[in-house]
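A.B. asks: Protein sequence lines correspond, in order, to chains A and B. In terms of the working numbering, the first sequence is numbered consecutively and its last residue is 509. In terms of the working numbering, the second sequence is numbered consecutively and its last residue is 624.
Honestly, I wouldn't trust all of these hints.
BS3-like mimics (lysine-lysine), calculated; alpha carbons at most 30 Å apart, straight line [stated by the list, open to error]:
| id | chain 1 | residue 1 | chain 2 | residue 2 |
| --- | --- | --- | --- | --- |
| 1 | B | 463 | A | 121 |
| 2 | A | 321 | A | 181 |
| 3 | B | 485 | A | 321 |
Because the hints were derived from the structure by calculation, they are not lab data.
What follows is the residue order along each chain.
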Amino acid sequence: MNILYDERIDGELKSFEKSDIIADLQQSVPSLTLLHREEDLHPFECDGLAAYRVLPMLVALPETLDQVQTLLKRCHALGVPVVTRGAGTGLSGGALPLERGVLLVMSRFKKILAIDPDARVARLQPGVRNLAISEAAAPYGLYYAPDPSSQIACSIGGNVAENAGGVHCLKYGLTVHNVMRVDIITIEGERMTLGSEALDAPGFDLLALMNGSEGMLGVVTEITVKLLPKPETAKVLMASFDDVEKAGRAVGDIIAAGIIPGGLEMMDKLAIQAAEDFVKAGYPVEAEAILLCELDGVEADVDDDCQTVRKVLEEAGATNIQLARDEAERARFWAGRKNAFPAVGRMSPDYYCMDGTIPRRELPRVLKGIAALSQESGLPVANVFHAGDGNMHPLILFDANREGELALAEEVGGKILELCVAAGGSITGEHGVGREKINQMCSQFQADEISLFHALKAAFDPDGLLNPGKNIPTLARCAEFGAMHVHNNELPHPELPRF
Amino acid sequence: MTETATLNADQDIADALCAQVGRAYAERTPLRIVGANTRGFYGLPVDGEPLEMAGHTGIVSYDPIELVVTVRAGTRISDLEDRLAENHQMLAFEPPRFGPASTIGGAVATGLSGPRRPWAGAVRDFVLGTRVINQEGKLLRFGGEVMKNVAGYDMSRLMVGAQGTLGVLTDISFKVLPQPAASHSLKLSLPLDAALNKLAELGRKPLPITAAAWHAGELFLRLEGGKSSVNATRERLGGEEISADLWRELRDLEHAFFTQNNDKALWRLSLPPNTPALPLDIAERDIFYDWAGSQRFIKTSLDADTLRKACQQAGGHATCYTPAALGGAQAPFTPLNPVVEKYHRQLKAQLDGHGIFNPGRLYAAF
Ligand SMILES: Cc1cc2nc3c(=O)[nH]c(=O)nc-3n(C[C@H](O)[C@H](O)[C@H](O)COP(=O)(O)OP(=O)(O)OC[C@H]3O[C@@H](n4cnc5c(N)ncnc54)[C@H](O)[C@@H]3O)c2cc1C
């Protein structure tokens, strides 16, 4: 798709002179690091979705909240759009800059402000890396549960903005389940606290709303997260299957046995081979699929559950079942899964990662659909799933240097997402809509639902200055690109300008 | 026998509800959204034409293997929980019932969670999707029946606890969980300070605790999980076995603490874990600690400002359960900070421009 902001269908932006904005900001926030020369802007032109690149007008690198506050107030007064960026690992172009906008980079806010082992909470600045939280909590026997595969790099601010998940979220929840409180600065430069260190707060649950809001409603400036006691033990079973569908069914069987594993992941043949080549995880390269099932908790329960799961897997037709013998082997099994994306990246010049979710029972059918799409297009697809919660990550392999392949990969990706929606699922489970899936939003939601999203956005940012062109498509965009439902041949909201 | 008939009724009246909302919008008539009216006490009284949800009943879909159930808002909590129990599953947030007719829609709208809340999560943590009637009377769908979904804003969770002031909940999809294999409840005789210290110490260990309360010199604990770990923890903690009924009585405010000697106003304090006893003049017998101390019910004649100031200083807030007409506080919920209030008002103005949805239910001004 055309990644550039398109005023005709994304909405008008105010015109201004770059030099005027620079002068204004330098004067109103003199201490702020502001990059504006082209060579300085290049490192910020994309996030983890590297196929989408745009040079921002300006990059701001604040170090104090006063700077952030004044910057936002000025941008609001001047009508300059602001795109917030954390660590830039997002996979949906959420932090993709605007040619006529300021990129507000929060990565210098790296302090862990407090760890309270008795209350089991950590107070963090937004630029703190996800993994750094668990490292800091480890001496107290505690950890932070959501563990995206990008955890060595991604920031907690970005995690909140995307409602990030990880391989343990079936049991321990997503970011929204583990965040107790956030501080926000609004586009008008007001500070507000949402949530509380108590378990609830009066009024609407704006904290839940902030999670997954993709930098559209406010800038997250401080986060308090819940810490959990480290499970006494964790064991991993790896089961091989000669058929992907059997593996898919085994996932349901484990749940049906009344067990909620700490992690339940699946990889198909191509992903297994890639991971094995890359990290030597000890995966069975001849298998059509593997399941990794982690059971954690109190030693005695985990042993009981291991027995049960082993039996379930045998009955489901696993060709081989292996229990990680020790911590080192357990870490190796996980390393293969957590490095699946870069591993696939080594097999192909480029890959495009999808993030659809489906009800688990639809897994076999959707897998078949993906295989058909792969064959039809000639682009190989490797499959990696958070199988326990029905979140699939098909990785479409392509070569951007070949004429038309990026477009083809995007087309296949779009069709995979439509398969997910048709199966009763969602176009994104954890990576967010960003710029990438803006058109697919039109197939998941009806016009009235999209209008409600716009109303909600208007309550926080009436001028639409925070991250414009992301997350929620305009109805004009849906009318032009989306598969929007049209009733009786009437376009929804005919009164709407088509810019 | 009509009783059973209504219990099992599977009735979709969404169209009629939409039509009534549409009319109210056109005529700018405020609506008072009512389920079984067992939670009427929780919030300010609403003056409006009733929008009756209790006729919108039934389980729309339930697949135990998916861990998902979708239910119409007027369904009785008891009907839903019975159905889940047939498959050894449960709503892990233990919604309180304030009468046999309590509906699931009311439980979600008020957002109250039971004793398992600190360990399992709150109502909103288990809401996966909703159908909502917007101000124009259109039925919209947010979220869905999948565990993970970050497309668009999280409207479903926003509706939890909003008490119908932002829209009408007609259907709700929940994540459900297997019932624990083993359960054991016990009590230990411990003074308050020692009990709070013990809870902090236990909280740092991965123990299968799923409820912890303290009242009148006794610490009550519930252990749930695998048989092996429940047995091991039970041996380690000792104490005297008690009936699990305590947790239901506490959840539904039916314990003698709530039903006897209630000449004073009943308050719910929500405080950070490990908050020591507040410096307030309240007799110990008038306090019931739940949620390992994070939720405290108190009976007091102290004025709202004094109570709220003490809670605020500790990082929490206070809600009055006794209606103003019966001697409770004028404002049941803690007033919002001005910036937060501004965004509440703007949100309300966007989603309910004519103020037809339960106006004034949470805060008199909007
Ligand atoms: C190899 C790899 C593996 C990954 N695995 C996972 C995974 O397992 N699970 C998962 O959920 N994700 C995964 N991701 C995606 C990504 O890491 C997450 O979305 C992460 O939460 C993004 O954090 P970030 O700090 O990099 O944010 P960015 O990419 O910088 O920004 C992401 C979005 O958040 C907004 N934002 C950032 N900071 C703030 C702030 N302070 N206030 C307001 N808005 C803000 C931005 O505007 C943007 O919309 C993976 C990415 C990679 C590259």
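A.B. asks: Determine for every hint whether it applies to the structure shown.
C.D. replies: Here is what the structure says about each hint:
As the CA atoms of residue 463 of chain B and residue 121 of chain A are separated by approximately 27 Å, the hinted pair is consistent with the 30 Å bound. For the proposed pair residue 321 of chain A and residue 181 of chain A, the alpha carbon gap of about 21 Å is at most 30 Å, so the pair holds. This hinted pair checks out: residue 485 of chain B and residue 321 of chain A have alpha carbons roughly 19 Å apart, not beyond 30 Å.
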